[in-house]
Structures are given as structure tokens and as C-alpha cells.
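Just need the whole structure built from these sequences, with the hints factored in.
Chains as they are written, first to last, in this note's numbering: chain A, 1 to 261; chain B, 262 to 527.
Mixed in with the good hints there might be a few duds.
Label-pair ranges, simulated between beta-carbon atoms [what the hints assert, rightly or not]:
| no. | chain 1 | residue 1 | chain 2 | residue 2 | range |
| --- | --- | --- | --- | --- | --- |
| 1 | A | Ala24 | B | Ala327 | 17 to 23 Å |
| 2 | A | Tyr14 | B | Val352 | 34 to 40 Å |
| 3 | A | Ala172 | B | Phe439 | 53 to 59 Å |
| 4 | B | Arg341 | A | Ala107 | 36 to 42 Å |
| 5 | A | Ser132 | B | Thr519 | 36 to 42 Å |
| 6 | B | Arg341 | A | Gly173 | 44 to 50 Å |
| 7 | A | Arg70 | B | Asp433 | 56 to 62 Å |
| 8 | A | Leu106 | B | Val299 | 29 to 35 Å |
| 9 | A | Phe21 | B | Lys309 | 36 to 42 Å |
Keep in mind that the hints were calculated from the coordinates and are not lab data. Ideal Cβ positions, reconstructed from N, Cα and C, are used throughout, including at glycine.
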Amino acid sequence: MIRTRLVTSAFWLYLGVVVTFLFAPLIFVVLFSLNKTASLTFPFHGFSVRWYRAALNSPAVSDSIVNSLRIAGITVAVVSVVGTLAAIGLTRPGFRHGSTIRVMLLAPAALPGLFIGIALLTFFVAMHIQLSLWTVITGHLIFTLPYFVLVASTRLARFDPLLGEAAQDLGAGPWLTFRRVTFPMIAPALFGAALVVFSLSWDEVLITFFTIGNQNTLPLVIYASVRHSVTPMVNAISTLLLAGSILTIFVARSVVVAVSR
Amino acid sequence: MLVTALLLVPAALLLYKSFKPSLGFGITGHGFTFDSYVSAVETPTYRKVAYNALGVGALAAIICTAMSYPVAFFINFRLRRGRDLALLLIVASLFSSYLVRLYAWRTILGDHGVINVGLESLGVLKQPLSFLLYSNWSVLIAFVNIFLPFTILIITSAVQNVPIEMLESSRDLGASSFKTFLKVLLPLTSAGAIGAFVYTFILATGDYITPQLLGGTSGGFIASVISDQFVVAGDQPLGAALCFLLLLVFALTYVGLTRIEKAKVA
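Right under this line is the structure:
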């Protein structure tokens, strides 16, 4: 009995260490974003919001936030439509070449962003396509679609196809069946998948770096300022980025809880 | 299908480009040549950075996979009420910006960072441990930090399908915990373990941001070299060739591991 307890405590301890390890960096960023002085070292000289004020007053930062939101918004919209169709197609029984298409759809998730980035860059340059936010969105579509399909199709696989058939037997057309039966049942899963896509796009650096023109996204602003200078403003901007991601999860969670009740 | 084509066409173009001669300064000539592949394989510098990146990537993948097993076991078999919370915390860390975390490790590991200042004020250290930052160590720590949530989720869902009775009967028959893990749990979840390993290995080795922000000056990383060929007017065919060779290594690793797994199971 004592031994079991000991083992359980050891597991708890281990879990605690892992979670601390995962969160430690984030805690330091938030802490230093509130630092009064410009130093990035201990001891701490008191709290202030001056770095937030500096960050939000900088046009480069606010422009990049708008760009990031635009990219993530359009990516989510397109991926949601394409991904839903793909997920429904894949989970439909008797779908031909299903496994091949599945591998093709999911492959970009297992490719380094570097590869997707330079392949797209080469392509856009060869086609004389001006790099812009649209080229970034193309990259984000390719890289987020697999995640959407993966998340959505796990849920769809549990959806009983008989329900759809029953609706059709009762005289509903395919569109009506989708709108009144299938869609309401898979909506939470789709919403969850869309949020995953949003946060992936919101955070993306590797592909964006290669496919963007003269504009900037929030992660790129952070990347540039981390490389060139060390100012506590980076902490404030990072915290803003973080806040965006965390907000997404909480929205996701509360929606899932609300729907499942 | 269209979205898949969006990637396939550029990939084919890149492959085509890798066989073109380079005229320097980002200009690509005409004709067909294996020169880029030859110089990619034969230049010692590229070999060195490739081994370095593959080594750190593989090590990160092994550490992540190994660290995930106890968590997955605990979450699946020991936790009831805490299960959702534990998973939520792990997912939450997954969603928190990757760049922000890299930046944070700089503040933590630096000469005036939290670890060094903390240890110095405790009197453990006289001089800061400079090897912590801008080295393979800092890159490795960051990789583990970034990819651990992914591997925990992959391994957790793999372990979920293992009935606990199988582990219990192994223990009842006298096997030690470690032997049970090695002979029962690991073979039953080998697909998940391979998935977690390969995922981390590919994404860590192909990452060029982490080495650039946290890596040292001595050991370069192959991804940065590839990226330089495209960003700083470089030798694009060479960059493309290096990229495809890297993909080949990834594919071979995956196929090799799956073969071994199948052979073991059969």
C-alpha cells in the first residue's frame, strides 16, 4: 500500500515537473513584460505597463497584428470549408482511393515548414506572382489543412451514417440532411478544428518568413526584434501573441462544454 | 485535391530546380546537372551541419518520446478526475507561441539569465555556465520544450487503446515494471512511438528558427544553411538539393523504423 502511494506521488511529481518545464518559459516572458526597467535579469525592480504602451503605440506592431488577424481569419474560413468537405468525403464508407488521398492530405503536416516555404517561394517567383499576404495565406492553407482534417475526421468517424440515411429515407434531400442532421452534430468538432487552425496560423513563422512580401505579421515582428535587439518590448508583444492563443483555447473549451451539455 | 496540387506543383518545381546549374548570386542557369547533389554530399561543411542537425533532432525526438510514456501511463491508468485538466494543460502549452518560448529560453539560459543568476546567488557557481545558451544544449532544450506536448498527446492516445489488464497480468506473472514496459506496453504502442519519434525528428531537424535564435556559432544546422541559399542570394539549386536529400533521410528513417516494427511483430 505504502509502495503504491509512493509510486503515485512519484508520478504526480513527474507530471508537475513536466508541466512546469512546459510553462516556465511563458511565465518568465509574462513576468518580464511587466518589468519597470529595461533589464532582462533579476532582481526585479517593480511592475509597470510601459512596455505594453510602447508596443501598442508602435505602428509596426499594430499593423502586424492586423495582418496576422487577416491571414488567420481568411485561412480559417477557407480551410473550414475545404476541410469539412474533405473530412466528410474521407469518412464516408466505400470511398474509393480513400487511404491514398488521406495520406496526400495529411502529408504536409509531416513536412518541415522549411520545405513548404522554399517550394512555394520558388513557385511564386517562377510564376512572377508578387509576394503578399495572399501568398502567405496560400502557405497557411497547405500547412493547416491536415490538422483540420485530422481533428474533424476523428470526430466524424464516430458519427453514425445511419442517421443521415434515416433523414434521406424520411424525404430530406442531401443538402437538407447536411444542414439539419449532419452539420449540427459535427459542428463542435468543426469549431474545435477551426480554432486549431486559427492558432496555428496566428503563430506561424517558418512558412510566413519565405512567402511574405514587404509586410509583417506579429510573429515576424517578434522574430526580427529578437534577432536584432533586446528590448523588453518584445516581452510585451510576445505576451500579446500568447494572450491571443490562450484566448482561443478558452473560447474553444467553453464552446465545447456549452454544446455538450 | 486543389490544395494538394498547391503543394505538389511547387515541390516538383523545386525538384526540377535542384538539377539546374547555379551561376551564383541567386541566378540559375539552363541545362541538367547533378552538380548540386554532388557538392551537397561531398562538401565537408554541409556534411558536418547535417550530422549536427540530425543528431540534435534525433536526440530531441528520443527524449520527447521517452518522457511522454510516464505521462501517458499516468494520465490513462492512474488519473480519473485530474485527467481532463492534465490534458488541457498540455494542450494549452501546445497552443502557446513557439517563438515566444524560444525567446524565453534566452532569458532563462543566458549568462545573466534566471538559472545562472540563481545558482550564483546560492553560491553554487562562481562563474556563469556559458555553455547553456547559444549551443546545441539550448537548441535541444528548446526542441524538447516545443515538441513534448505533441508527443505526449500522440503517446497518450496510443496507450489509451491498451487494456490495463494486460499490464497487470504481466506484473502478476512476475515481470518487473521495466520489463512490462519493454515487453508489453512498448510493442503494443509501437506505432504511436514511431509516429511521435518521426514527427519530432522531422520538424526539429527541419527547423531553422530555433538554431538561429538559440544555436551556437560553432555547430551550424542544416536547415539554416538551406534557408540561407534562398534568403541571402545564394545557390538555390544547392539549397533545393540539400532539402531533397534531407527529405530522403526522413523518408528512409520512417520506412526503416516501420520495417523493424513489422518484423518484430511478425
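(message) Name the hints, by number, that the structure is in violation of.
(response) 2, 9
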